[in-house]
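J.: With chain G held as given, fit chain W onto it using these hints.
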Amino acid sequence: MVLSKISSQSDVSVHSTFASRYVRESLPRYRMPDNSIPKEAAFQIINDELMLDGRPRLNLASFVTTWMEPECDKLIMDALNKNYVDMDEYPVTTELQNRCVNMIAHLFNAPLGESEAAVGVGTVGSSEAIMLAGLAFKRKWQNKRRALGLPCDKPNIVTGANVQVCWEKFARYFEVELKEVKLTEGYYVMDPEKAVEMVDENTICVAAILGSTLNGEFEDVKKLNDLLTEKNRVTGWDTPIHVDAASGGFIAPFLWPELEWDFRLPLVKSINVSGHKYGLVYAGVGWAIWRSKDDLPDELIFHINYLGADQPTFTLNFSKGSSQIIAQYYQLIRLGHEGYRNVMENCHENAMFLREGLERTGRFEIVSKEIGVPLVAFSLKDNSRHDEFEIAEMLRSYGWIVPAYTMPADAQHITVLRVVIREDFSRTLAERLVLDVTKVLHELDNLPVRLHAKSTAVVEKTEIETQREITTYWKKFVANKKKNNKNTIC
Amino acid sequence: MVLSKISSQSDVSVHSTFASRYVRESLPRYRMPDNSIPKEAAFQIINDELMLDGRPRLNLASFVTTWMEPECDKLIMDALNKNYVDMDEYPVTTELQNRCVNMIAHLFNAPLGESEAAVGVGTVGSSEAIMLAGLAFKRKWQNKRRALGLPCDKPNIVTGANVQVCWEKFARYFEVELKEVKLTEGYYVMDPEKAVEMVDENTICVAAILGSTLNGEFEDVKKLNDLLTEKNRVTGWDTPIHVDAASGGFIAPFLWPELEWDFRLPLVKSINVSGHKYGLVYAGVGWAIWRSKDDLPDELIFHINYLGADQPTFTLNFSKGSSQIIAQYYQLIRLGHEGYRNVMENCHQNAMFLREGLERTGRFEIVSKEIGVPLVAFSLKDNSRHDEFEIAEMLRSYGWIVPAYTMPADAQHITVLRVVIREDFSRTLAERLVLDVTKVLHELDNLPVRLHAKSTAVVEEAAAAVVVAAGEGGSGRVNGTFLKKTEIETQREITTYWKKFVANKKKNNKNTIC
Chain G
1 MVLSKISSQS
11 DVSVHSTFAS
21 RYVRESLPRY
31 RMPDNSIPKE
41 AAFQIINDEL
51 MLDGRPRLNL
61 ASFVTTWMEP
71 ECDKLIMDAL
81 NKNYVDMDEY
91 PVTTELQNRC
101 VNMIAHLFNA
111 PLGESEAAVG
121 VGTVGSSEAI
131 MLAGLAFKRK
141 WQNKRRALGL
151 PCDKPNIVTG
161 ANVQVCWEKF
171 ARYFEVELKE
181 VKLTEGYYVM
191 DPEKAVEMVD
201 ENTICVAAIL
211 GSTLNGEFED
221 VKKLNDLLTE
231 KNRVTGWDTP
241 IHVDAASGGF
251 IAPFLWPELE
261 WDFRLPLVKS
271 INVSGHKYGL
281 VYAGVGWAIW
291 RSKDDLPDEL
301 IFHINYLGAD
311 QPTFTLNFSK
321 GSSQIIAQYY
331 QLIRLGHEGY
341 RNVMENCHEN
351 AMFLREGLER
361 TGRFEIVSKE
371 IGVPLVAFSL
381 KDNSRHDEFE
391 IAEMLRSYGW
401 IVPAYTMPAD
411 AQHITVLRVV
421 IREDFSRTLA
431 ERLVLDVTKV
441 LHELDNLPVR
451 LHAKSTAVVE
461 KTEIETQREI
471 TTYWKKFVAN
481 KKKNNKNTIC
Chain W
1 MVLSKISSQS
11 DVSVHSTFAS
21 RYVRESLPRY
31 RMPDNSIPKE
41 AAFQIINDEL
51 MLDGRPRLNL
61 ASFVTTWMEP
71 ECDKLIMDAL
81 NKNYVDMDEY
91 PVTTELQNRC
101 VNMIAHLFNA
111 PLGESEAAVG
121 VGTVGSSEAI
131 MLAGLAFKRK
141 WQNKRRALGL
151 PCDKPNIVTG
161 ANVQVCWEKF
171 ARYFEVELKE
181 VKLTEGYYVM
191 DPEKAVEMVD
201 ENTICVAAIL
211 GSTLNGEFED
221 VKKLNDLLTE
231 KNRVTGWDTP
241 IHVDAASGGF
251 IAPFLWPELE
261 WDFRLPLVKS
271 INVSGHKYGL
281 VYAGVGWAIW
291 RSKDDLPDEL
301 IFHINYLGAD
311 QPTFTLNFSK
321 GSSQIIAQYY
331 QLIRLGHEGY
341 RNVMENCHQN
351 AMFLREGLER
361 TGRFEIVSKE
371 IGVPLVAFSL
381 KDNSRHDEFE
391 IAEMLRSYGW
401 IVPAYTMPAD
411 AQHITVLRVV
421 IREDFSRTLA
431 ERLVLDVTKV
441 LHELDNLPVR
451 LHAKSTAVVE
461 EAAAAVVVAA
471 GEGGSGRVNG
481 TFLKKTEIET
491 QREITTYWKK
501 FVANKKKNNK
511 NTIC
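Chains as they are written, first to last, in UniProt numbering: chain G, 1 to 490; chain W, 1 to 514.
Just chain G, with the same shape it has in the complex (with noise of 0.2 Å):
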């Protein structure tokens, strides 16, 4: 008599996840399934292909934190399911917020009286920050016209060819024209003689950034400044600034506290920075900070009555998580001034190392500068044979995402690799990755010429080898050619 077995269909509970038919199935991609799965499958078939994802640790491409200590992470999971929105059922969080706001204000030497509060807010990043900041210059300007009985239907806004796309997003959901001012071979920043030479009745303001996206440069604000308040001077326009310090907010105060770029300059009106980028702090955190009352128009923000204190928003987005928040506030009392010094001057150092490393080799051009960002931006000196996006290539079987890109105009011939220096990379990393663009070199080296629609020499071969030869770099000139247009740079 034969023992038969009814499979235990219903008792899912005995199959380990592997073992589960749940694997063996396709998951449907575009219509929700109708029945439910086991928990435990949902999770491993999700986890298995997120392997597939980049390793964000080794995202060189990236200026946002991929890495906090654990205390942190605990401090975020309990904080997953608090509204930050709910001011009123969630005083605390509020009222880290508000600290935040006014430790990062006095960062900026906001001019603020000893007990008077900063003007600024929390936002999911500086894309939001920017467009809160871009919204109060422009309904102030409005303002100012329709009470002088002007025109107010043609706002621009003056900024460098080199901004971060969020920039050209505000100008175009907010209508209001950008004016770039473009780039040269050797100088990858606004200009800020050429900017002011831009500026006119419709300017809303100018925008210079701290921390270049390219090359990790700062622009010259204070030298903007000076310009500006002299043509203000002669025009009476008094056209104000606003500092893009997305990455550069919180590096330059640690590294060079003399330079003068922020609230310090009178024509600085508000600045933006992110909290997860040089604040340390995961994905989803920004600031907008604002000189004065002055400067956020009162007709913009949302007052809510909370417990007797007025609580005034002005944001974007209403409902989101608290824990990037509460993260933030974390690491300004665990770090203190002190701590993120050292944390600014370990990432110099070791940008410094891997700028040296890179030099080494002879065959680099360094096109960052050494007042900045943490960062490496590199160029090949003779990309006739190979160039800079097959050396991002190879890198990436190694593991390394190393991002190349083509400058934006007028110098969209330059290509460019970037190593971004953050927190969690340190010396031993950098010596790997030296170690590494020295062997990725020499097999490009022993590498036939790339073949290009428009060369000629190309080495006689087999008609095979040819074939697979062809075959293999049509598929790299294809893949080239969409790298060539990418332009997202985070």
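No lab work stands behind these hints: they were computed from the structure. Treat the hints with care, as some may be off.
Computed list of lysine-lysine pairs in DSSO-like fashion (alpha-carbon distance at most 30 Å, straight line) [said to hold, decoys possible]:
| # | chain 1 | residue 1 | chain 2 | residue 2 |
| --- | --- | --- | --- | --- |
| 1 | W | K140 | W | K154 |
| 2 | W | K140 | W | K179 |
| 3 | W | K140 | G | K140 |
| 4 | W | K439 | W | K369 |
| 5 | G | K154 | G | K140 |
| 6 | W | K179 | W | K231 |
| 7 | W | K231 | W | K293 |
| 8 | W | K154 | G | K144 |
| 9 | W | K144 | W | K194 |
| 10 | W | K39 | W | K144 |
| 11 | G | K182 | G | K381 |
| 12 | G | K140 | W | K179 |
| 13 | G | K179 | W | K140 |
| 14 | G | K154 | G | K293 |
| 15 | G | K74 | W | K39 |
| 16 | W | K140 | W | K231 |
| 17 | G | K154 | W | K144 |
| 18 | G | K222 | G | K194 |
| 19 | W | K179 | G | K154 |
| 20 | W | K154 | W | K39 |
| 21 | W | K74 | G | K74 |
| 22 | G | K369 | G | K194 |
| 23 | G | K293 | G | K144 |
| 24 | G | K223 | G | K140 |
| 25 | G | K144 | G | K179 |
| 26 | G | K179 | W | K223 |
| 27 | W | K74 | G | K179 |
| 28 | G | K154 | W | K74 |
| 29 | G | K194 | G | K144 |
| 30 | G | K144 | W | K179 |
| 31 | G | K140 | W | K154 |
| 32 | G | K154 | W | K154 |
| 33 | G | K39 | W | K74 |
| 34 | G | K439 | G | K381 |
Going by beta-carbon spacing under 8 Å, a handful of chain W positions derived as facing chain G [claimed, not checked]:
| # | residue |
| --- | --- |
| 35 | R233 |
| 36 | F318 |
| 37 | Y329 |
In silico negatives: residues of chain W with every beta carbon more than 10 Å from chain G [unchecked claim]:
| # | residue |
| --- | --- |
| 38 | A19 |
| 39 | E185 |
| 40 | D226 |
Just so you know, even glycine gets a beta-carbon here, dropped at the ideal spot from N, CA and C.
T.: Using the frame of chain G, we list chain W on its own:
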């Protein structure tokens, strides 16, 4: 000889957290401290202060999810350091977002072909989604008007006075006029007929709400669609509809699938839903879905080329965490239709149970409907002696956070208490809440009537019925009889009730509803 002992100031690792000097010093609150402190101390100090926040799961004011399975928590932790916008570096995470968009679009019956990709995006919440949808409508309308050579400088949007504050933000920040259909007593959502009447050539869209914040009611989108179709036929203006399904979008398809409110109605061009409400994910994720490519003007989209596939992006935020997107995908595949249906049915049952329990006290009028978001909104039948704000305040001492609100114009005299039933609000908790509400009613009955600023009948024995309007909130009150007391009793009472009066006055002005 006295042995002198040097305090081990340097050897901080020796001290247990609460023995160390860090908990004895006050941390600077408004300036960064100069020195670092140990991580254990930093954790403990912040953790302890946060104990004084409300308990998220007892916050019955909020629609936003406060509990997820531990397996999902693990996925969330692992994804904390992934920046969602790095599509090139995290292709799987990007793919998961696309799958969510498609799943939700199909849930809303978007008219898509077999292998046609849905048009939509993940956002930080419904606020961002609504702003994106509004932007699309504004741009489409402007393009249409310019093509006809007509002025396009005065766009407006028609909606009910019951809208959530983000519509007012959208209107103010993007310079669109907000034309609100006023509410009336007993009718707390947008009246489709009045809405369509208000539509003019400058109307960029009419916004309907599926799941009004005030009482959870679903607006009659089908009736709006029919009336607006007729008006469009007559005027030729082609005014579209947007459905703010922030709460209702993950409820209606599972509890009332035959209810037509989504893309099945031809004029509905975009829908937003909060992943972090009944999508059952923690705060920080929303979805904006468009009917088709035509409803999203291409000039608003920024194109990023990514590994061969064109990746269009249209969001206000850029860098943000990936955790909530992954958590949303987890929920969609973990629960499926079956699981969501079960959760919503449970919520609905518990809401009905709570409703009955409150009705049985005989003291409340239920303002919420049976079809709608699982919540119970209720008013006191008689609020002359004590009002809803006092009930809310007393419930706090039991641990419950139950908000009391006045309705917007033109029903400002109605005050309402609201309990939102989320996934993690079980029958046991519902029973306990009914018990505690009953206790609160008894306590209030034994308290004297509270004093009012304009009242003159403070110590008079005679009954004086005075109707007082308190500030812009506009709640009418009728003062009843006051008993004679000793002078010091009266003084104490006056103090207590002035305190309450001030607190209540401020609550009257509170108009943010989450």
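J.: Determine for every hint whether it applies to the structure shown.
T.: Hints and how they fare:
With a CA separation close to 14 Å, the supplied pair K140 (chain W) and K154 (chain W) stays within the 30 Å bound. At roughly 19 Å between alpha-carbon atoms, K140 (chain W) and K179 (chain W) fall within 30 Å of each other, so this suggested pair holds. Under the criterion of a C-alpha separation no larger than 30 Å, the hint pairing K140 (chain W) with K140 (chain G) is consistent with the structure, at around 27 Å. For the given pair, K439 (chain W) sits about 25 Å from K369 (chain W) by alpha-carbon distance, which is consistent with the 30 Å threshold.
Between K154 (chain G) and K140 (chain G), the direct Cα distance comes to roughly 14 Å. Compliance with the 30 Å bound is thereby established for this hinted pair. For a cut-off of 30 Å, the pair hint linking K179 (chain W) to K231 (chain W) stands: about 18 Å separates their Cα positions. Distance hint between K231 (chain W) and K293 (chain W) is fulfilled; the C-alpha atoms sit about 25 Å from each other, no more than 30 Å. Proximity of K154 (chain W) to K144 (chain G) is assessed by CA-CA distance (about 20 Å); at most 30 Å being required, the pair is judged to hold.
Taking the CA atoms of K144 (chain W) and K194 (chain W), the gap is about 25 Å. The hint holds against a cut of 30 Å. For the given pair, K39 (chain W) sits about 59 Å from K144 (chain W) by alpha-carbon distance, which is inconsistent with the 30 Å threshold. Distance hint between K182 (chain G) and K381 (chain G) is fulfilled; the C-alpha atoms sit about 24 Å from each other, no more than 30 Å. Note on K140 (chain G) and K179 (chain W): the hinted pairing holds, with a Cα-Cα distance of about 25 Å set against a maximum of 30 Å.
At roughly 25 Å between alpha-carbon atoms, K179 (chain G) and K140 (chain W) fall within 30 Å of each other, so this suggested pair holds. For the suggested pair K154 (chain G) and K293 (chain G), the alpha carbons sit about 26 Å apart, so the restraint of at most 30 Å is met. A C-alpha spacing of about 12 Å is found between K74 (chain G) and K39 (chain W), which places the hinted pair at or below 30 Å, so the restraint holds. Using a Cα cut-off of 30 Å, the hinted pair K140 (chain W) and K231 (chain W) holds, with the two alpha carbons roughly 19 Å apart.
Note on K154 (chain G) and K144 (chain W): the hinted pairing holds, with a Cα-Cα distance of about 20 Å set against a maximum of 30 Å. For a cut-off of 30 Å, the pair hint linking K222 (chain G) to K194 (chain G) stands: about 15 Å separates their Cα positions. For the hint pairing K179 (chain W) with K154 (chain G), the CA-to-CA distance comes to about 26 Å; that is within 30 Å, so the pair holds. Annotation: proposed proximity of K154 (chain W) to K39 (chain W) is violated, straight-line Cα distance about 55 Å (limit 30 Å).
Between the alpha carbons of K74 (chain W) and K74 (chain G) the distance comes to roughly 12 Å, so the proposed pair stays at or under 30 Å and holds. For the suggested pair K369 (chain G) and K194 (chain G), the alpha carbons sit about 21 Å apart, so the restraint of at most 30 Å is met. For the proposed pair K293 (chain G) and K144 (chain G), the alpha carbon gap of about 16 Å is at most 30 Å, so the pair holds. For the proposed pair K223 (chain G) and K140 (chain G), the alpha carbon gap of about 24 Å is at most 30 Å, so the pair holds.
Proposed proximity of K144 (chain G) and K179 (chain G) is supported: the alpha carbons are some 21 Å apart, at most 30 Å. Straight-line distance between C-alpha atoms of K179 (chain G) and K223 (chain W) comes to about 47 Å, which puts the hinted pair past the 30 Å bound. Taking the CA atoms of K74 (chain W) and K179 (chain G), the gap is near 46 Å; set against the 30 Å cutoff, the hint is violated. A C-alpha spacing of about 50 Å is found between K154 (chain G) and K74 (chain W), which places the hinted pair above 30 Å, so the restraint is violated.
Between the alpha carbons of K194 (chain G) and K144 (chain G) the distance comes to roughly 25 Å, so the proposed pair stays at or under 30 Å and holds. Taking the CA atoms of K144 (chain G) and K179 (chain W), the gap is about 27 Å. The hint holds against a cut of 30 Å. Under the criterion of a C-alpha separation no larger than 30 Å, the hint pairing K140 (chain G) with K154 (chain W) is consistent with the structure, at around 20 Å. At roughly 16 Å between alpha-carbon atoms, K154 (chain G) and K154 (chain W) fall within 30 Å of each other, so this suggested pair holds.
Proposed proximity of K39 (chain G) and K74 (chain W) is supported: the alpha carbons are some 12 Å apart, at most 30 Å. Only pairs whose Cα atoms come within 30 Å are accepted, and K439 (chain G) paired with K381 (chain G) is accepted, the gap being roughly 17 Å. Evaluation of the R233 (chain W) hint against chain G yields a violated restraint, the C-beta minimum of about 32 Å exceeding 8 Å. Annotation: interface hint on F318 (chain W) holds; nearest CB of chain G at approximately 4 Å, less than 8 Å.
Checking Y329 (chain W) against chain G by beta carbon gives a least distance of about 7 Å; that is within 8 Å, so the hint holds. Non-interface call for A19 (chain W) relative to chain G: holds, since the shortest CB-CB distance, roughly 18 Å, exceeds 10 Å. Annotated as non-interface, E185 (chain W) keeps its C-beta farther than 10 Å from every C-beta of chain G; the closest such distance is 25 Å. Its beta-carbon lying about 29 Å from the closest one in chain G, D226 (chain W) satisfies the requirement of being farther than 10 Å from that chain.
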